[in-house]
Amino acid sequence: MKRFYGTELPNPLMLGTAQYPSPAILEQAFCESGAGVATVSLRRESGAGQTFWKMIQELGVLILPNTAGCHTVKEAVTTAQMAREVFDTKWIKLELIGHTDSLQPDVFQLVEAARVLTDEGFQVFPYTTDDLIVGERLLAAGCEVLMPWGAPIGSGRGLNNAYALRAMRAEFPDVPLVIDAGIGLPSHAAQAMELGYDAVLLNTAVARAGDPVLMAKAMMQAIQAGQLAHQADPIEARDMAEASTPVIGKAFLS
Amino acid sequence: MKIVLNGEVREVQAETLSDLLDECGYSGRVATAVNEDFVPSSLRIALKLVDGDRVEVVAPMQGG
Numbered sequence: 000m001k002r003f004y005g006t007e008l009p010n011p012l013m014l015g016t017a018q019y020p021s022p023a024i025l026e027q028a029f030c031e032s033g034a035g036v037a038t039v040s041l042r043r044e045s046g047a048g049q050t051f052w053k054m055i056q057e058l059g060v061l062i063l064p065n066t067a068g069c070h071t072v073k074e075a076v077t078t079a080q081m082a083r084e085v086f087d088t089k090w091i092k093l094e095l096i097g098h099t100d101s102l103q104p105d106v107f108q109l110v111e112a113a114r115v116l117t118d119e120g121f122q123v124f125p126y127t128t129d130d131l132i133v134g135e136r137l138l139a140a141g142c143e144v145l146m147p148w149g150a151p152i153g154s155g156r157g158l159n160n161a162y163a164l165r166a167m168r169a170e171f172p173d174v175p176l177v178i179d180a181g182i183g184l185p186s187h188a189a190q191a192m193e194l195g196y197d198a199v200l201l202n203t204a205v206a207r208a209g210d211p212v213l214m215a216k217a218m219m220q221a222i223q224a225g226q227l228a229h230q231a232d233p234i235e236a237r238d239m240a241e242a243s244t245p246v247i248g249k250a251f252l253s
Numbered sequence: 000m001k002i003v004l005n006g007e008v009r010e011v012q013a014e015t016l017s018d019l020l021d022e023c024g025y026s027g028r029v030a031t032a033v034n035e036d037f038v039p040s041s042l043r044i045a046l047k048l049v050d051g052d053r054v055e056v057v058a059p060m061q062g063g
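So the sequence lines, in the order shown, correspond to chains X and P. When you line the first sequence up against numbering that gives the first Met the number 0, it's residues 0 to 253, in that order. When you line the second sequence up against numbering that gives the first Met the number 0, it's residues 0 to 63, in that order.
Hints listed in this document are in silico derivations from the structure and should not be mistaken for laboratory results. Hints may be right or wrong, so weigh each one.
As the list claims (entries may be wrong) - Derived pair list, reagent style DSS-like, types lysine-lysine, alpha-carbon separation capped at 27 Å:
| id | chain 1 | residue 1 | chain 2 | residue 2 |
| --- | --- | --- | --- | --- |
| 1 | P | Lys-1 | P | Lys-47 |
| 2 | X | Lys-53 | X | Lys-89 |
| 3 | X | Lys-73 | P | Lys-1 |
| 4 | P | Lys-47 | X | Lys-73 |
| 5 | X | Lys-216 | X | Lys-1 |
| 6 | X | Lys-89 | X | Lys-1 |
This one's a predicted model, so the numbers in the text were calculated from it and none came from an experiment.
Using the sequences and the hints, build the whole thing.
Printed below as a string of structure tokens:
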């Protein structure tokens, strides 16, 4: 498995911590799935922050803070600086939202913020689109990981543009690539891994499932299956049938 | 003096950011920004507040 800024992930599932029915279910989803990375955020302190922090620490997973909800470079940079202090990590999932309905990243500001943060010593995980040129610019800005969307955040639509995501994998063979957002089903996550992606980041699909713990396990199994399938070098699809049972030696019975 | 703390106008006695956190009962893991600029915890003691400052105090929260 590729290293993420020098760190090897225990497995390719990055799991969000928002929207679970209860903290206990969140905890169980992590424990039973074995997800190795947790995404977290910063919000105005209302008293609940310290309890949450304690629980996250006890999970013993890698922590990836986000800049969710930020719309400007300034806002994202300040949020990242605060996150680095609170969570004691250089990792930052850089989200710069450009469009309210689709939560599509503003890729122009994203590249600018990535450059500022890299210069300040951050290790940036940019939430981006599947645009190859934006990917190139992010790498030039100092990113060593790219996280293209599968579909809009929380939409559960899977990989909207598998063609573009395949092209991205081919264009950046040595860069750790993560499908971030849009996953709804384990089959979507498996497909991402079959395409050769290095990890999958998801939240809503697990947290809002009827049984989040079961869904977290299903996601992990699908991700592992997809990863094995990619390593196994799958066959190409074809239009016509090709008999798998040998024709030679068939008994003459009619 | 009056400051805006996490979006709410507050009348406070504190003169520094660090005093403000004490006065308003913040403890544990929080990060601070004043007038949209990050203030590292090591600089809170030295940071003098002025009337009208906008202070943000944030803490760990669930996220995706």
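Cross-check of the supplied hints:
1. P:Lys-1 <-> P:Lys-47: holds (13 Å)
2. X:Lys-53 <-> X:Lys-89: Cα-Cα ~19 Å, so holds.
3. X:Lys-73 <-> P:Lys-1: holds (25 Å)
4. P:Lys-47 <-> X:Lys-73: holds (23 Å)
5. X:Lys-216 <-> X:Lys-1: Status holds; Cα separation ~23 Å.
6. X:Lys-89 <-> X:Lys-1: Between Lys-89 (chain X) and Lys-1 (chain X) the Cα gap is close to 18 Å, so the pair holds against 27 Å.
Checked against the numbered hints above, the structure breaks none of them.
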